[in-house]
Every structure is written in structure tokens, then in C-alpha cells.
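Colleague: The listed protein sequences derive, respectively, from chains F and U. Using the working numbering, read the first sequence as starting at 4 and increasing by one per residue. Using the working numbering, read the second sequence as starting at -1 and increasing by one per residue.
Since the hints were derived computationally from the structure, they do not count as laboratory data. Computed from a prediction, not measured in an experiment: that's the story for all the values here. The C-beta atom is built at its ideal place from N, Cα and C for all residues, glycine as well. Some clues are possibly wrong.
Derived coverage of chain F by chain U (criterion: at least 3 residues anywhere in the stretch with Cβ under 8 Å from a Cβ of chain U; other residues may be distant) [said to hold, decoys possible]:
no., segment
1, 40 to 50
2, 106 to 112
If you anchor each label on the Cβ, the simulated ranges turn out as follows [as the list claims (entries may be wrong)]:
no., chain 1, residue 1, chain 2, residue 2, range
3, U, Lys12, F, Asn57, 34 to 44 Å
4, F, Thr8, U, Glu99, 40 to 50 Å
5, F, Met62, U, Glu70, 24 to 34 Å
6, F, Glu17, U, Ile52, 44 to 54 Å
7, U, Ile52, F, Met13, 17 to 27 Å
8, U, Ser78, F, Thr113, 32 to 42 Å
9, U, Leu77, F, Met13, 40 to 50 Å
10, F, Lys55, U, Ser78, 46 to 56 Å
11, U, Ala50, F, Ala16, 42 to 52 Å
12, U, Thr13, F, Lys55, 15 to 25 Å
13, U, Leu77, F, Ala16, 45 to 55 Å
14, U, Ser67, F, Thr113, 35 to 45 Å
15, U, Ser78, F, Leu54, 39 to 49 Å
16, F, Ser44, U, Gly61, 39 to 49 Å
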Amino acid sequence: DAKTTQPPSMDCAEGRAANLPCNHSTISGNEYVYWYRQIHSQGPQYIIHGLKNNETNEMASLIITEDRKSSTLILPHATLRDTAVYYCIALKYSGGSNYKLTFGKGTLLTVNP
Amino acid sequence: NAGVTQTPKFQVLKTGQSMTLQCAQDMNHEYMSWYRQDPGMGLRLIHYSVGAGITDQGEVPNGYNVSRSTTEDFPLRLLSAAPSQTSVYFCASSRDRGGQETQYFGPGTRLLVL
């Protein structure tokens, strides 16, 4: 799986959009970009994933650049409860041969009042 | 629908003791896995299962055993606890046998080995 690079920390004001970047310059054509988050002392929580098209769900939007070398997770109206470590993961979707989510160190997003 | 549940939430063991960490899911998921998370590190896969009766090793399997007699349960056994096994343990499940669909994580078990 491709290596991903994220900033170690970011701050965001409550109510504003939080834009979390992720670089994955070595991503291959069949690797999806997944985002999970981990609120302090809890298990990781799935947020969103995509291959090459932009995706949106009730939690967030995922913007993937046309060359797929980077992506941005957008939390449109951040709340204090969004304070967490956010993990960007490149995962090959190859019909059952990959069983491991590789979590790096992620980005600690702190939402300030 | 409780999702993924783990017991106990916290456990203290002495070196050499054995214990079983319990994990259960009520979503009829095929894939289940165990991770450990140590300070400053990401999650590392210990063991996983793609269905009842089928288990395999992950990245850091030494010192741990698993079994999968039912779809719902996936216990993790520490045979002889060591201080290096002090960690937070997370169980996860996924509908997909390959574990590539959304994984749902339990709340974790915090283990301290003295």
C-alpha cells in the first residue's frame, strides 16, 4: 500500500470548515483513499473513502486531486466533538488479499471554541 | 444493535499470567481482527479471521492466540503475559471477508502487565 503523509497537527475554529490534507504521491490505480478518525481513548471510526471521484456523506467530503497524488478531507462545520486524530490510509481493493489497515500517526485536529 | 463490544475495559496482570480478551459483534460480519495500539504508534494487526473456523496471523502475532468458533465471537488469548504486551487492544469487524469495507472498531481494552 502507498505511504501517506499528513501534517502532525492542525487547529480549527468551531463552526468553520476543517480541511485536512493528505499526500499519497505513490498511490497506484487500484488503491482507495480511506479516512478514519480516533477520538481520545476510543476505537477508530470510519469517515469516508474514495477512488478518484469526490465523495460526500453525512460526516464529511473527500476531494481527490485529478492525478490522485493528494486528497483533502473536509469537515464542513467543525464542532468540539470533531477533535480527534484523523488517519489517511491508502488501501488496495484487490478482492480479499489485503487484511490490514495501516494507521500512520495521523493529524491531530483540535477544534477550538 | 450493539456493534462491536469488548470486555474487559481495563485489566491489570502480573507477568506470566494468562487471560482472554473478549470481542463480540452482532452485525453478522465475516471479518474480525485484533489490533494493538502503543503510545506514539499506529495500530498493528495481531490476528484476523475471515469467517468461523478460519484465523490467520497479522503483523505481531507472537504471544497471542485466537479462535473463531462462531461468527459473533473472536477472543484473544494471552498465554503468558509480558510487560511488552502492555497496550490498548482494539477488536474490529467488517462485512467483507477481505476486511476492505468499512471496519467497525470496539471501544478497546486497556491492559497493564506488571
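Colleague: Does each hint hold? Answer for all of them.
Modeller: Going through the hints against the structure:
With a cut-off of 8 Å between beta carbons, the segment 40 to 50 of chain F has 6 residues touching chain U; three or more are needed, and the interface restraint holds. With 4 residues bearing a CB less than 8 Å from a CB of chain U, the segment 106 to 112 of chain F meets the requirement of three and the coverage assertion stands. About 53 Å separates the C-beta atoms of U/Lys12 and F/Asn57, a value inconsistent with the hinted range of 34 to 44 Å. Between F/Thr8 and U/Glu99 the beta carbons are some 25 Å apart, a value that contradicts the proposed interval 40 to 50 Å.
For the pair F/Met62 and U/Glu70, the supplied restraint of 24 to 34 Å holds, since their beta-carbon distance comes to about 27 Å. Taking the beta carbon of each, F/Glu17 and U/Ile52 are about 46 Å apart, inside 44 to 54 Å as hinted. One distance hint, 17 to 27 Å for the beta-carbon pair U/Ile52 and F/Met13, is violated here, with the actual separation near 41 Å. One distance hint, 32 to 42 Å for the beta-carbon pair U/Ser78 and F/Thr113, holds here, with the actual separation near 41 Å.
The hinted range of 40 to 50 Å is satisfied by U/Leu77 and F/Met13, whose Cβ atoms lie roughly 42 Å apart. Taken as a hint, the range 46 to 56 Å holds for the pair F/Lys55 and U/Ser78, whose Cβ atoms sit roughly 48 Å apart. Roughly 49 Å separates the CB atoms of U/Ala50 and F/Ala16, a value that falls within the hinted 42 to 52 Å. The given range of 15 to 25 Å is broken by U/Thr13 and F/Lys55, whose C-beta atoms sit roughly 50 Å from each other.
Checking the proposed 45 to 55 Å range against U/Leu77 and F/Ala16 shows it holds: the Cβ atoms sit about 50 Å from each other. Between U/Ser67 and F/Thr113 the beta carbons are some 44 Å apart, a value that agrees with the proposed interval 35 to 45 Å. Checked against the given bound of 39 to 49 Å, the beta carbons of U/Ser78 and F/Leu54, roughly 44 Å apart, stay inside it. At roughly 24 Å, the beta-carbon separation of F/Ser44 and U/Gly61 lies outside the given 39 to 49 Å, and the hint is violated.
When each numbered hint is compared with the structure, violations occur for hints 3, 4, 7, 12 and 16.
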